[in-house]
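Undergrad: Given the structure of chain S, go ahead and fit chain R onto it with the hints provided.
Protein chains: 2
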Amino acid sequence: MFGVTILGNNSALPAYERHPTAQVVTLNDQLFLIDCGEGTQMQLTRYKIRRSKINHIFISHLHGDHYFGLIGLITSMGLLGREHELHLYGPSPLQDILKMQLDVAATNLPFPIVFHSLDKEGVIVETTKFSVACFPTQHRIPCWGFIIREKKNPRKIQKEKVVQYGIPAAYYDKLKEGSDFENKNGEIIKNEWVTIPNKPPHSYAFCADTKFDETLAEKTKGVTVLYHETTYLKDLEERANTRFHSTTVQAATIAVKANVQRLLIGHFSSKYEKLDNFLAEAQEVFPDTHLAIEGATYQI
Amino acid sequence: MFGVTILGNNSALPAYERHPTAQVVTLNDQLFLIDCGEGTQMQLTRYKIRRSKINHIFISHLHGDHYFGLIGLITSMGLLGREHELHLYGPSPLQDILKMQLDVAATNLPFPIVFHSLDKEGVIVETTKFSVACFPTQHRIPCWGFIIREKKNPRKIQKEKVVQYGIPAAYYDKLKEGSDFENKNGEIIKNEWVTIPNKPPHSYAFCADTKFDETLAEKTKGVTVLYHETTYLKDLEERANTRFHSTTVQAATIAVKANVQRLLIGHFSSKYEKLDNFLAEAQEVFPDTHLAIEGATYQI
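Heads up: the sequence lines are chains S and R, in that order. Per my numbering, residue 41 is the first one in the first sequence, and the count goes up by one each step. Per my numbering, residue 41 is the first one in the second sequence, and the count goes up by one each step.
Here chain S stands alone, though its shape is the one from the complex (with noise of 0.2 Å):
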């Protein structure tokens, strides 16, 4: 299972029920939060998402509808008893603040915060299964978009096929990684023979909340699903540069040049009640475009 779960979809001021963002990414038995704007504690339980299971929380920048939820997240978790690290990745002052808040609360969280300063492009987070990459964006003020990534899974062994090449079962772990067997006779048996590839491995980039910048295609390239942000339609481009924003059209136009599978467009300014014509404009350049719906999951 690799998916992500839409909780906000709506630019600074909430509407129309839509919340400010904040995305969770089911990895496996990972949750990711990603960014986590008010009300998102709130809409976790709506949800019945399992706060527990967060281990890892991405805070793109320090606007507060990208972050304001946080602190109540955190204060929540210490109030249920959480005991397990949890991982804060975000720009540096956010640290600061949330300090402040814990202190002049007189609380003790009961679970240990491990912040990791957002300040270079590359991997923050690297385990044997995924890993998590961030990468700068153009907005007003320092941000950051991520991308996460399954591991390159491990080739499928073909059963009557190791049998025929009298491979040792103690080798499997080697040709599961794609590694050639050579026999007692000094026979090489070529890996491809012997098992088949697994699925690839898929990956998700958020792009936070940016205006258009044709390197995000690079950064992003190929990747499974790409979230950008659309806070306009395509007739305001003017005020979505002068804002640090994009438009349908814009985010369409990198999932093109960055040639992904899906596009999931979010981040709606208040100004606009129905989300129809986000999806047509985007769709007539990028055709697999999806509107971020709070409360759906989309499969990467």
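In silico lysine-lysine, DSS-like type, Cα no more than 25 Å apart, as pairs:
id, chain 1, residue 1, chain 2, residue 2
1, R, K311, S, K93
2, S, K311, R, K93
3, R, K311, S, K88
4, S, K261, S, K160
5, S, K191, S, K230
6, S, K261, S, K297
7, S, K239, S, K196
8, R, K191, R, K214
9, S, K259, S, K160
10, R, K191, R, K160
11, S, K314, R, K88
12, S, K139, R, K139
13, S, K230, S, K192
14, S, K259, S, K191
15, R, K224, R, K199
16, R, K160, R, K259
17, R, K88, S, K311
18, R, K191, R, K297
19, S, K88, R, K314
FYI, nobody ran anything at the bench for these hints, they're computed from the structure.
TA: What follows is chain R alone, placed relative to chain S:
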């Protein structure tokens, strides 16, 4: 019109669709916001309360469930183009927290915030029509209650009587204030011969979070409506004391001792899904008790 609308009635951990503390007091054309837990701005929208009408916000203390929604509300007021002054009353570190959050977002609010640090008991707002006073409560960290009082209403002139006694119209304002009138012949026309009392001024006391503290009955003596927290049912009195909270019976006891007209109870622990027992237990001690229900308005 003098009334209080409940936006949040739950204690720290949001549960069962109940929100953290926030109340809007309407006094004629004035709206006062008391406390501002996470999600208050969404609750204001839900219950169609115009945030532009709020000119005074009172924050009782710096536990998150009483103020985490403030920065979001303020930011949204700015995005909506508010220009008129907003008066904020709260413990002094609140000012630093807000400043830090506005600074990192590079936000310049289009309206001035006038911050009033709470440090001693007494009147904090005084106009010709109402006053607001604060008083300390006993909680884990510094915490303040508030009393909003209408000013004494002018006496009502009885038209036929003032004509009968020949009192000139220019003197009516003095009559409303309670003065007697002396006519040309040196005769004293007693005020009570020509006016009748208006309805008595009403008052609302908000006791914030507090453990059982009999001095609160003195401080809130005779108010029209008393809001007192009831985090727990009566069987958990020990837990209430330890955590600086109150039970149903304790709140109702304060209402009896303070000789108030009505009691409003709230700040229910997330332990409890149903609230019926809160009402039953408090009414046994103080019959005119009401549950603070979100979205409901209680006349003061």
